[in-house]
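Asks: Chains as they are written, first to last, in the numbering used here: chain A, 512 to 608; chain B, 4 to 265.
Hints are computed from structural coordinates only; laboratory data are not their basis.
Remember, it's a predicted structure, so these values are computed and weren't measured experimentally.
Backbone N, C-alpha and C fix where the C-beta goes; we use that ideal spot for every residue, glycine too.
Do not take every clue at face value.
As the list claims (entries may be wrong) - Not the full set, but computed from the structure, chain A residues with beta-carbon under 10 Å of chain B:
id, residue
1, L525
2, A543
3, G561
4, G572
Unchecked claim - Pairwise CB distance ranges (calculated):
id, chain 1, residue 1, chain 2, residue 2, range
5, B, A246, A, R582, 45 to 53 Å
6, B, P6, A, R583, 49 to 57 Å
7, B, A261, A, R582, 52 to 60 Å
8, B, V100, A, L604, 34 to 42 Å
9, A, Q519, B, R182, 32 to 40 Å
10, A, L531, B, R142, 38 to 46 Å
11, B, V181, A, S514, 48 to 56 Å
12, A, A545, B, G223, 17 to 25 Å
13, B, L122, A, R584, 42 to 50 Å
14, A, D585, B, S233, 35 to 43 Å
15, A, R582, B, A227, 34 to 42 Å
What the hints assert, rightly or not - Computed list of chain A residues with no C-beta within reach of chain B, every gap over 10 Å:
id, residue
16, R515
17, T546
18, G551
19, P553
20, S581
21, R584
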Amino acid sequence: MNSRRDDQLLALVLLAGVGLCTALFGAGLLLAVATGTAPGSPALRVLTAGLDVLVATPVAGVAAAMVRFSRRRDVAGLAAGLAVSCILLLSLLIGFR
Amino acid sequence: MGPVFFLLLLATGFGTGVLGAMAGIGGGVVLVPLLHLGLGLPVRSAVGVSLVAVLATSSMAAGLYLREGLPLVRLGLALQSVATLCALGASAVAVRVPPQAITTVLAVVLVITAGLVSLRLWLAPGGSRGPEVTARRLRGRIMGLLAAAVAGAASGFLGIGGGVVQVPLLHLGMGLPVRVATATSAYMVGLTAVASSAVYRTHGLLDPMLAAPAALGVLGGALAGARLASRADQRLLERLVAALLIVLAVQLVRRVAAAGGP
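From just these sequences and the hints, can you work out the full model?
Replies: Shown next, in the form of structure tokens:
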């Protein structure tokens, strides 16, 4: 896989994540207007799902970049990606407790 | 929270997105004070909302830049560990200090941003050196790490992307061409916001009901602003944005003074 195709794959991951999040946010807001925003309501669950997708999007981007580095046997790039992934996963584990 | 408030959040986000895209400053630096001063959100909630908007716009921008092959992903990830750690540290501090401290720092950052926007130092000639060559130099590496640290701290403490500081440092310090520096910064800013938002979420400061309309507005506004940018008088726009930032800074200082100081 060449560099251009790698970039396109990474772009697809990021744009698909933003697209899905936008759809969930839009649906959640419509539900909120229609059914209210009480705790545990469908609207809140859909909006939270959108937020989860949005947070996961850059992380998925790092994973895609790491696949690219491993294919090229780019040890330094892989190490940088791994370091960032570890820090992000740690922060997410704290945040999603 | 009714439909009217949703619409206000959407409109505020949209206006911020248009302005940010047209002036090239991102959105958070305007969104946080507008949400706090205009819509009355507590400053830390405004920071949480802004982080979600920053996540959305930076992911979209990075995706679009990647289609053109612009961001230096490897360099971005190499610097990102520092940015993420600084973001975690700064957000951990931000959720503990008095809100007035955040407001005061935000006012200072708004003034600095106004200066950067009006001077446009990073657009000066001299960015034509090859990025890979300069990036290996020690000074370039230090400037890159400094850019990452500043952006991380700005993200964690104030909920802004930090691109307005990061881009000139990557451009002037590492010799990256402006568009490559902007694209690499956009890629990094999203990752930094992930770490910051996790801390705000832990402390219940990230409300999806507030964040979703603002983020949708900013995304729509950024797309509209990018289309309008080529038709606008850039110099006039930058001066207007700089003036707006100064006005917001003054209002924030007055709010802090009214609350009894930082």
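Asks: Check the following: the C-beta atoms of Q519(A) and R182(B) are separated by a distance inside 32 to 40 Å.
Replies: Because 18 Å falls outside the window, the suggested range is violated.
Asks: Per the CB criterion, is G572(A) less than 10 Å away from chain B?
Replies: Hint on G572(A): holds, closest Cβ of chain B at ~7 Å, below 10 Å.
Asks: Quick one: are V100(B) and L604(A) within 34 to 42 Å, going by C-beta?
Replies: violated (24 Å)
Asks: Between D585(A) and S233(B), is the Cβ distance one that fits in 35 to 43 Å?
Replies: Holds, since D585(A) and S233(B) (Cβ atoms, about 37 Å apart) stay within the stated range.
Asks: For the hint 42 to 50 Å, verify it against the beta carbon of L122(B) and that of R584(A).
Replies: Roughly 44 Å apart at Cβ, these two residues keep to the hinted range, so it holds.
Asks: Given a hinted range of 48 to 56 Å, is it respected by the beta-carbon distance of V181(B) and S514(A)?
Replies: With a Cβ separation near 21 Å, V181(B) and S514(A) fall outside 48 to 56 Å, so the hint is violated.
Asks: Does the Cβ distance between A246(B) and R582(A) fall inside 45 to 53 Å?
Replies: holds (50 Å)
Asks: A range of 52 to 60 Å was offered for this pair. Does it hold for the Cβ distance of A261(B) and R582(A)?
Replies: holds (58 Å)
Asks: Does the nearest C-beta of chain B fall within a distance shorter than 10 Å of the C-beta of G561(A)?
Replies: holds (6 Å)
Asks: Hey, is G551(A) genuinely clear of chain B, shortest beta carbon separation above 10 Å?
Replies: holds (13 Å)
Asks: Since R515(A) was said not to touch the interface, does its Cβ keep a gap of more than 10 Å from each Cβ of chain B?
Replies: At about 6 Å from chain B, R515(A) fails to clear the 10 Å cut-off, so the statement is violated.
Asks: Say whether it holds or is violated: S581(A) keeps its Cβ farther than 10 Å from all Cβ of chain B.
Replies: holds (13 Å)
Going down the numbered hints, you'll see the structure goes against 8, 9, 11, 16, while the others check out.
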